[in-house]
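Those sequence lines, one after another, are chains S and Z.
The first sequence runs contiguously to residue 235 in this note's numbering.
The second sequence runs contiguously to residue 235 in this note's numbering.
Treat the hints with caution; some may be incorrect.
Heads up, the list lumps identical chains together, so a pair's fine if it works in one copy or across two of them.
Stated by the list, open to error - Straight-line C-alpha distance at most 30 Å; calculated DSSO-like pairs for lysine-lysine: (1) Lys114 with Lys87; (2) Lys114 with Lys150; (3) Lys87 with Lys74; (4) Lys150 with Lys74.
Since the hints were derived computationally from the structure, they do not count as laboratory data.
Bear in mind the structure is a predicted one, so any value in this text is a computation, not a measurement.
There are 2 protein chains.
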Amino acid sequence: MNLLLLLPEDIIGPSRARIAGRRLQHVISVHQAGPGDILSVGMVNGRMGTGRITDLDGAVMEMDVVLDRDPPEKLPLTVILALPRPKVLRRMLSSLAVLGARRIVLVNSARVEKSYWQTPFLGEDAVRRQLLLGLEQARDTAFPEVLIRKLFRPFVEDELPDLSRDTIRLAAHPPATAACPRAVRGPVTLAVGPEGGFIPFEIELLRVCGFEPVSLGARILNVETAVPSLIARLF
Amino acid sequence: MNLLLLLPEDIIGPSRARIAGRRLQHVISVHQAGPGDILSVGMVNGRMGTGRITDLDGAVMEMDVVLDRDPPEKLPLTVILALPRPKVLRRMLSSLAVLGARRIVLVNSARVEKSYWQTPFLGEDAVRRQLLLGLEQARDTAFPEVLIRKLFRPFVEDELPDLSRDTIRLAAHPPATAACPRAVRGPVTLAVGPEGGFIPFEIELLRVCGFEPVSLGARILNVETAVPSLIARLF
Numbered sequence: 001m002n003l004l005l006l007l008p009e010d011i012i013g014p015s016r017a018r019i020a021g022r023r024l025q026h027v028i029s030v031h032q033a034g035p036g037d038i039l040s041v042g043m044v045n046g047r048m049g050t051g052r053i054t055d056l057d058g059a060v061m062e063m064d065v066v067l068d069r070d071p072p073e074k075l076p077l078t079v080i081l082a083l084p085r086p087k088v089l090r091r092m093l094s095s096l097a098v099l100g101a102r103r104i105v106l107v108n109s110a111r112v113e114k115s116y117w118q119t120p121f122l123g124e125d126a127v128r129r130q131l132l133l134g135l136e137q138a139r140d141t142a143f144p145e146v147l148i149r150k151l152f153r154p155f156v157e158d159e160l161p162d163l164s165r166d167t168i169r170l171a172a173h174p175p176a177t178a179a180c181p182r183a184v185r186g187p188v189t190l191a192v193g194p195e196g197g198f199i200p201f202e203i204e205l206l207r208v209c210g211f212e213p214v215s216l217g218a219r220i221l222n223v224e225t226a227v228p229s230l231i232a233r234l235f
Numbered sequence: 001m002n003l004l005l006l007l008p009e010d011i012i013g014p015s016r017a018r019i020a021g022r023r024l025q026h027v028i029s030v031h032q033a034g035p036g037d038i039l040s041v042g043m044v045n046g047r048m049g050t051g052r053i054t055d056l057d058g059a060v061m062e063m064d065v066v067l068d069r070d071p072p073e074k075l076p077l078t079v080i081l082a083l084p085r086p087k088v089l090r091r092m093l094s095s096l097a098v099l100g101a102r103r104i105v106l107v108n109s110a111r112v113e114k115s116y117w118q119t120p121f122l123g124e125d126a127v128r129r130q131l132l133l134g135l136e137q138a139r140d141t142a143f144p145e146v147l148i149r150k151l152f153r154p155f156v157e158d159e160l161p162d163l164s165r166d167t168i169r170l171a172a173h174p175p176a177t178a179a180c181p182r183a184v185r186g187p188v189t190l191a192v193g194p195e196g197g198f199i200p201f202e203i204e205l206l207r208v209c210g211f212e213p214v215s216l217g218a219r220i221l222n223v224e225t226a227v228p229s230l231i232a233r234l235f
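With the rest of the complex left out, here is chain S (with noise of 0.2 Å):
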């Protein structure tokens, strides 16, 4: 936890926050801090600055807090995300708020297993747990927005021309010829498949929609390493 998020409720005056729970346990086990520490602090979805421990025992902290900076700037990224496993699509909420994603989506694909669609990891409250983990990482505030699409067809024909309209729009497709373009200016929307890729039929819907299939290289990256490796060429 590199910022400690502040939430509407711990604001208990003007310059005042009172924080308990996991956050007050982390800060006391792992930051080790006391009062008259100073701590990296932010408003959910707000700014960012310090707060000077002023009182904290085992059950909750107060802390005096200044918040005079903007959080990091969003990356112009909407990211496509054919649903994962479970457990990889926990890691992969926390890794694009980590990077800086403005925009989520996990889509169905044919080669996503249905029983991925009953985990209760796409619930909101885990949903937005996982992202926060990511903005205290990386120290930022902002949540990006997660979209959550059952159906490819009616999502890519109906809702992605205007979601993705006046970006640079490319599918990860690892057979693709094209190689993923590096450092590119303005926004990106960036579709990912699922392990085994996207079938012939939904890069062709891609393809209609104006998305260019784009490769990394000979070598096939899993999702995790996918995704950082795409925005890191990206941007």
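Place chain Z on chain S using the hints.
Frame of chain S; chain Z shown alone:
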């Protein structure tokens, strides 16, 4: 598993292989392959090609094998990685094999918890297994070299100068002002610190050894996102 890796003991005759165990179960349950089907195969640390299944029951499979091409080139990259916690270590070994690093050095660092060195995942077989999973994913046959160095300073002072000779030497360091370079030409030695980063003394030792501290921007990436991001930028 995008490539079935063959071990020397699988070879039962000229261009003939016999497989059992985990790999066979994967072929049956995930690939749902049967006699006549063709799989991507490769010899460990050797060439790649195809295997045509000739016989298959629940316990054993035999194939006609043709090995007619080289594996993808390894990246000219040594990654020096402060030992992460065991769960992350396992994933990072696989990821580094997926990404094509030629050599991995696991080192101690002031912010590495001592207990991490006790993990069974540092055992030779456990390390090899994680690398194998990465090679199967990436479609590569060549194991990266793995070195384990429990003392940071003697490693950096006595061994690293030779190990990193004639390479671009970079230390990932979030507070650095220099940005990680893009698309370099030539071999790289890349040092990546633990959660919380290298301490100033360690950065200074690395600097004396010719390492330049570089950053990926305002966000603080965790090792799982930092390593693929750094590699994607560099190569």
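Practice prompt. Check each numbered hint against the structure and report the violated ones by number, ascending.
Written response: Violated: none.
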